[in-house]
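Participant: Here's the letter readout for the chains.
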Amino acid sequence: MSEEVLVELRHVHKKFTTRHVLPVDEETRKRRLFKKRDVHAANDISFTIRRGEIFGLLGPNGAGKTTAVKMISGLVRPDSGTVFVNGLDVEKKRRQILRLVGVVLEGTRTSLWPLTPLENLIYYGTLKDVPGALLRPRAHDLLDFIGLKDKKNIQVRRLSRGQKQKLAICIALIADPQVLLLDEPTTGLDVLSGRAIKDKVMEMTREQGRSVLVTTHDMHVAQELCDRIAIINNGEMITCRRTDELLDLFSEQVFVFKLNQSVDPTEFSLIPGIISAQMEESSEGPSLVVQVVREPETLRSEALYAVPSRLWQSGCLLHAVSQRQQNLESVFLHLTDSAVKR
Amino acid sequence: MSFFRVMKAEVVRSFIIMRRYWFRTLTGMVIGYGMLMVLIAGFIYSKGGAGDKISQFDNPAAATNFVLGFIIGMFAFGVVGMFTQGLQSMATTGVLEQLCMSPHGLAVNFMAQTMVGAVSTIISSGILVYAVTWSVGGMLHWDMFPILILLTLTFFNLVGFGFMVGGLVLVFKQVGQIAIIVRMALFALAVFAREEILNQPWPLRFFLHMLPITDATISIKYVLSGGQMVDKITESGETIQVFSSVFTHPSFYWLIVSCIVWTVVGLTVFRILEDYSRSKGTLGSY
Ligand SMILES: Nc1ncnc2c1ncn2[C@@H]1O[C@H](COP(=O)(O)OP(=O)(O)OP(=O)(O)O)[C@@H](O)[C@H]1O
Ligand SMILES: [Mg+2]
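As they're listed, the protein sequences go chains A and B. The working numbering puts the first residue of the first sequence at 1, with every later residue one more than the last. The working numbering puts the first residue of the second sequence at 1001, with every later residue one more than the last.
Keep in mind that a hint or two might mislead.
Said to hold, decoys possible - The calculated EDC-like cross-link candidates involving lysine to aspartate or glutamate, where the alpha carbons are at most 16 Å apart (straight line), are:
(1) B:K1280 <-> A:D227
(2) A:K198 <-> A:D227
(3) B:K1008 <-> A:D129
(4) B:K1280 <-> A:D129
If you are wondering where the hints come from, they were derived from the structure by calculation, not from laboratory data. Nothing here was measured: the structure is a model prediction, and the numbers come from that model.
Based on the sequences and whatever the hints tell you, model everything.
Facilitator: Structure, rendered in structure tokens:
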């Protein structure tokens, strides 16, 4: 992975004004049809994507992932802040940038339904200035690779949802873009195709030095695919780290104490250095799950000593102690959940 | 040249669709012919008694005029419709967002689409005009050169107007419904536009001149149906018809003026509204 930055968002803000339909006011009997409300789809978002990197953008529904993708591809203009692609300001050099970027938005809504997949690729390829001699072979290659080989000459309207999604990915790839933006690319794909697309994305990124941004709700895809991950919620960036760092960060902190009986977790959460403590019941019996601070080391150590001694004092038998393996899903839940509570 | 690449893509696309849905194309024309004949019959029979009816057929210039108006009206209806209905349906299918991401820009793409659409409309309406005038026994004066010039000017006039309405549709999706009324009005105007309707107090007259279809229709009717002849009173008091080229007709100059105005206004408004639509994020919503 080189250090060259292909995509950069710098302090980007975007606010949408939405209208809410209101019910009749019971007291005054007056009806105000709409009430305007502001939605922050991006609130001071900054991140960079390097050449050869797969960047994951995660977040709950309505977090602002699609908005971020659209801002990079110039479909939505930020209120303030700047988006750069290959060092060029998207607002000022939109035309040039569009040649570098391939985008999959809602896949089923991309293609022209009366045409066949092959004709679609030729159409969009011509619009994107792909030289005529390259266009046809590349279109065939893409369709073969993605598994639409025997659907090349069937009208798109007769394809299934997943097949349309695959076609959308081909359309994004037809101009051989430097930057690939995939908004939920694996939605509706079967296991095999999802896998194939993951592999292809990896290959394209690593070997051909592209940058890829993926938004997804599938934590397994994100964990496997992405080098770095940003989590956003309500337009705010919660975290942006390397995937392994993100997982480490949380795995070290959560310890599970298997017990023979339930204890009151509030007592434990008061211990200095412990962030939270709670009881979990499983088929193997109750266990106390505590999350401890990462730093400073001494506080962390004290907290960890304190838990078993308290348990000893309360006459509780300790069966086993283990460190919880974190996966992205629990990290995600933890982060977005605490953001909601804040 | 970027415009020609887009044009090529659009030609291929609409050719494929036309071929794939040839039945629809064909029935469309047959139905168009049938409708026109019914309308003309209604037009003729509604005018006075049986005596008049005969004379109408003796002198079918009125019917020819009517047919021409009708077809120019359909052309206007279609061209502006490509900007409103076309844009709305593209927003619904999500293709609009893809076209916005084409490096040539939305305006160029629309221009190409409309041109391709207009060529096939002109060919099919040409056939229709010919078939219908022949059926009613009228006569058309195909003076190719002025006709091509007039059609081109009319086209850019309508395209400019269409760009303005289209820009509004991009931002305010509800405008699409109002646009239908506007298109109907253009249609009606084309059917009834004659030089006499310009005899109005000047603000109204100016307004009529500025509508994209008035002078276009008058000029085209002047060539195709009138044969570029004007009445002239000789010294001896007789009325004779003399040839007077459409290029010296005031409507022709008005047509050029409104063509320039609409192209400039339309493209400017479209650019501004496209930008506004991007900041509101309404390009892909429907
Ligand atoms: N054009 C628009 N006008 C008004 N509000 C909008 C517009 N586009 C998006 N929003 C709002 O901005 C917020 C973020 O939307 P966005 O589509 O980016 O979410 P997302 O993260 O992609 O969600 P999902 O996971 O459901 O795809 C939402 O609350 C949405 O209602
Ligand atoms: Mg989304």
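Participant: Now tell me, hint by hint, if it's right for this structure.
Facilitator: Each hint, compared with the structure:
1. Proposed proximity of B:K1280 and A:D227 is contradicted: the alpha carbons are some 32 Å apart, above 16 Å.
2. Our distance criterion of 16 Å between C-alpha atoms is met by A:K198 and A:D227, whose separation comes to about 13 Å.
3. Pair hint B:K1008 plus A:D129 holds up; C-alpha atoms about 11 Å apart against a cutoff of 16 Å.
4. Only pairs whose Cα atoms come within 16 Å are accepted, and B:K1280 paired with A:D129 is rejected, the gap being roughly 29 Å.
The structure shown violates the earlier hints numbered 1, 4.
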